[in-house]
Amino acid sequence: MIITTLLVVVMIFFIFRVIPGDPALIMLGTEADESQVAALRSRLGTDRPLPDQFAGWLAGALRGDLGVSLRFNQPVTKMIVDRLAVSVPLALFAIALVIAISIPLGVLLALARSRLVELSFSYLSQLGMAVPSFWVALLLMMLFGVVLRWIPLGETVNWQRDAVASVRALMLPAIAIALPATAIVARYVRGGLVDQLRQNYMRAALSKGLSFRRAVYRHALRNALMPVTTVLGVIFADIVAGAVIIETVFALPGIGLLLVTAVSYRDFPLIQGLALYIAVVVVALNFAVDLLYRVIDPRVRPGGSARDG
Amino acid sequence: MDDVVGKAQASARPRRAVAGPGWWLTGFVLAITLWGWLATPYAPNEMNVPARLQPPSWAHLAGTDEFGRDILSRLMAGARISLAVGAGAMTLSVLSGALIGMLTGYFGGWLDDALMRLMDALLALPGIVIALLIVAVWGVGLLNTALALGIMGAPVIARVTRSAFLVGREMDYVLAARALGASAARAILKHILPNQITPILVAASINLAGAILAEAGLSYLGLGTQPPDPSWGRMLQEAQRYIGVAWWYALAPGLTITLAVFAFYLLANDIQRALIDRHWQ
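As given, the protein sequences belong to chains A and B, one line each in that order.
Anchor point for the first sequence: position 1 equals 1 in our numbering, and the numbering is continuous, going up by one each time.
Anchor point for the second sequence: position 65 equals 65 in our numbering, and the numbering is continuous, going up by one each time.
Please note that a few of the clues may not be correct.
[Claimed, not checked] Which stretches of chain A does chain B cover? Using the computed rule of at least three CB atoms under 8 angstroms from a CB of chain B, they are:
1. 3 to 10
2. 256 to 270
[Claimed, not checked] Which residues of chain A face chain B? A partial, calculated answer using Cβ under 10 angstroms:
3. F134
4. V136
5. V234
Simulated from the structure, these hints should not be mistaken for laboratory data.
Backbone N, C-alpha and C fix where the C-beta goes; we use that ideal spot for every residue, glycine too.
Put together the whole structure using the sequences plus the hints.
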């Protein structure tokens, strides 16, 4: 995990350094004169030797100092922390929806044991994965914003203060994010549970007199949910890291929209800081899922290979 | 595992390999793309301001946009670009991913450790973020979009290939080939790859679906396909301003993206099934 993080850090740093051309030149365009370029170079620190730059950046990052955004002239760290007020509730909201729908749905479908149900779910879930979430977002906006007028579109929300308005503003984005994720997770729940129901321990549980319900919930589901945890972790990390497109559709001032803005302005310190933040979140959440695994399933020993498969 | 599957298969009547829905839908998508390449009902960029924002009619089956351009024609013309970018990205993902997967799966050791760590590092960033980073560095454009999406998809292909090769290299026929003096390259390409190709093809098809979806997403953000090339994703972005007045504008591009992505997901299913069938005949 530490090696992975280090690699990502190195990657993020060097992707902006190894490129042909000078970041200062790329940002200023061809019309900039020599003194402007030199000024930006010294501001970016690209006039110093590479190892020196890397050490400086890494030392800053460890202290929580990711530099200053060129476009907004604010500390990158502060900008990211401000945006968490949107991205974290959005992620929690969306993941709660995914769990609340996909697990019961997956269980129901696994127990249905009808060829027709199985087949139609297989197609439906793949359709759910194929639908672009930003299109779903537009359709939701049309339905709830334009036709039904339940949710005002384009209202400005004070994310730090107004909890009710925040929740209302996050509802449609959360649904749009949850739909494809639900399709994926329900597939895993169903597939996992169907496999578990065939296992010998289920036969044993039933023959010792456990009711089918109890056997499913106590034994099979617990085992079936193991791989689901991983998928949920990945999805959750993706949203906290920034639901890039959905935040753009709804103009939600979260991490994802900040990244799009940063990329559009080629604000390299901001992009780098965001990429680092995102990588750390993903790696940390993966690690948390691994820990959770050990709590759910005591058989999982540290040092086992989680990479194969 | 093989034993169980074998019994199940033996009890079933040998099935004739039929073209599943994925093949049909993919064929349909490709046919429309080809059609759109050769001819479209209207020129995709032809403006007709008096006929702006018209709802679907016989003259304009999917309606018109804010410049009076025919939406159906633009979707048909955009298909070529979406599919070309998707296919380019997939080719890059599969070539690089499979190469890494074959080397790491077959040789193992430090090479495996080093390359897979790198893949893990890539996977630590969500795909769209990697694509955005690459666009930030290289700038927008068709080729850069394909490159970005290609790099984004490589780690998954590498993992799938590696898993397949971890199994494949232990097979007796590989040992036999090696004992007869076959080189590592020959063992990899002639003996293991043909027998382990199914998961790679399935992953490639899913990768293509994902690339088309991601291209639409990047274009929606304005960081993918650029004007004047018609693009499905950007059409949705343009449609967003008119959702209050023109419901059809956002409808057709979304349906088109869904259909194309769905086709390649189903194709992945069909490839898997077809190859299992062939294997047990």
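Broken hints, numbered, in rising order? Of the numbered hints, all hold.
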